[in-house]
Amino acid sequence: MDSLTIIAVTSIITAGITIGFGAIGPAFAEGRAVANALTALAQQPDASSTITRTLFVGLAMIESTAIYCFVVTMILLFSNPFWNYFITQSGN
Amino acid sequence: MQLSPDEIVYWQLGAIKLNATILFTWCLIVIFFISAKILERSLRQTDKRTRWQNALEIIVLGIEKQISSVGLSNPRQYMGFLGTLFLFVALANLLTVIPGYEPPTGSLSTTLSLALCVFVAVPYYGIKQRGLKDYLASYTQPTIIMLPFNVIGEISRTFALAVRLFGNIMSGTMIIAIMLLIAPFIFPIVMTALGLLTGMVQAYIFFILASVYIAAATSVNNTQTLTQTHKSPQLIKQPQEK
Numbered sequence: 000m001d002s003l004t005i006i007a008v009t010s011i012i013t014a015g016i017t018i019g020f021g022a023i024g025p026a027f028a029e030g031r032a033v034a035n036a037l038t039a040l041a042q043q044p045d046a047s048s049t050i051t052r053t054l055f056v057g058l059a060m061i062e063s064t065a066i067y068c069f070v071v072t073m074i075l076l077f078s079n080p081f082w083n084y085f086i087t088q089s090g091n
Numbered sequence: 000m001q002l003s004p005d006e007i008v009y010w011q012l013g014a015i016k017l018n019a020t021i022l023f024t025w026c027l028i029v030i031f032f033i034s035a036k037i038l039e040r041s042l043r044q045t046d047k048r049t050r051w052q053n054a055l056e057i058i059v060l061g062i063e064k065q066i067s068s069v070g071l072s073n074p075r076q077y078m079g080f081l082g083t084l085f086l087f088v089a090l091a092n093l094l095t096v097i098p099g100y101e102p103p104t105g106s107l108s109t110t111l112s113l114a115l116c117v118f119v120a121v122p123y124y125g126i127k128q129r130g131l132k133d134y135l136a137s138y139t140q141p142t143i144i145m146l147p148f149n150v151i152g153e154i155s156r157t158f159a160l161a162v163r164l165f166g167n168i169m170s171g172t173m174i175i176a177i178m179l180l181i182a183p184f185i186f187p188i189v190m191t192a193l194g195l196l197t198g199m200v201q202a203y204i205f206f207i208l209a210s211v212y213i214a215a216a217t218s219v220n221n222t223q224t225l226t227q228t229h230k231s232p233q234l235i236k237q238p239q240e241k
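Protein chains in written order, with numbering that gives the first Met the number 0: chain F, 0 to 91; chain E, 0 to 241.
For the record, the hints were derived by calculation from the structure and aren't laboratory data. Just so you know, not all the hints are guaranteed correct.
Straight line, CA to CA, 25 Å or less: simulated SDA-like cross-link-like pairs of lysine to any residue [to be verified]:
| no. | chain 1 | residue 1 | chain 2 | residue 2 |
| --- | --- | --- | --- | --- |
| 1 | E | Lys16 | F | Ser78 |
| 2 | E | Lys64 | F | Ser47 |
| 3 | E | Lys16 | F | Tyr84 |
| 4 | E | Lys64 | F | Pro80 |
| 5 | E | Lys64 | F | Ser78 |
| 6 | E | Lys64 | F | Gly57 |
| 7 | E | Lys16 | F | Pro44 |
| 8 | E | Lys16 | F | Pro80 |
| 9 | E | Lys36 | E | Lys16 |
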């Protein structure tokens, strides 16, 4: 295999692994957060506005870890710096 | 497939590029400027108000309430900076309902510059409220050993703020692009609606995180108030258990 093929294969496999593992953690965390928020809502319906607002902020914060993994995946797939470097090298 | 609106270049002269990010940011600035001029003309202090003034008052009072709920004591002082951040990000994300519009927040350069504004504003308000010496001493807060970690935290949270907004908006446009390839009939509309919700939530998150960072930098003696609030529930609880 030449270096371009190795880069392509490792980039694709790493992208899959990154988004897969990056989705697991936030999924569990969001499930726990929503479950606890529902319990809190059932116990204190009066505080629903505060709980919902805090829940949304918390969910977006948790989700951002998944978004980081997604950004890395997108960079690996669509604007891979190593790939671009070797393409320009072979072009010259 | 393009990752950000930076890659759509309309006009180029040497190193100077006019890409979609810059163009749509200018459009947003023009919209803000014109609407502010029109709204300013209709402002009155009498009872007979226009509906635009009522809308503006709802927005201003809402932002003020959110800032004070974070713990900043004098919200009007931070209104100019934090309110502009919220309104800019919210409008940039909401205008995706217009066809052909590319949200400038879907580019890392826009979000990073907004985050750098927060990065500068936090020490500015901190020094203004507490004085230079007191603010710098807050970096060595628990012990002097924590100094490098506090500095790293300051930088990494700025970067996280930028990547969070960029990633959310970029993933929204990316999902719509993928949906157009596999199911181009109804699903892109549903995803656009979801993207509008995410955009508003992200604008709120960006604004509230910036206010939390400023509140943390400006609050004096926050450790003392924390210990006081921790003590008081225990004092109330003990008689109840008996």
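Okay, the hints, checked on the actual structure:
Among the hinted pairs, E/Lys16 with F/Ser78 is consistent with the structure: their alpha-carbon atoms are about 20 Å apart, no more than 25 Å. For the hint linking E/Lys64 to F/Ser47, the alpha-carbon distance of about 17 Å falls within 25 Å, and the restraint holds. With a C-alpha separation of about 23 Å, the suggested pair E/Lys16 and F/Tyr84 falls inside the 25 Å cut-off, and the hint holds. Using a Cα cut-off of 25 Å, the hinted pair E/Lys64 and F/Pro80 is violated, with the two alpha carbons roughly 45 Å apart.
Our distance criterion of 25 Å between C-alpha atoms is broken by E/Lys64 and F/Ser78, whose separation comes to about 42 Å. Only pairs whose Cα atoms come within 25 Å are accepted, and E/Lys64 paired with F/Gly57 is accepted, the gap being roughly 19 Å. The suggested pairing of E/Lys16 with F/Pro44 is violated, with an alpha-carbon distance near 54 Å, which exceeds 25 Å. With a C-alpha separation of about 22 Å, the suggested pairing of E/Lys16 with F/Pro80 holds against the 25 Å cut-off.
Distance check on the hinted pair: E/Lys36 and E/Lys16 sit about 30 Å apart at the alpha-carbon level, beyond 25 Å; violated.
Checked against the numbered hints given earlier, the structure breaks hints 4, 5, 7 and 9 and satisfies all the rest.
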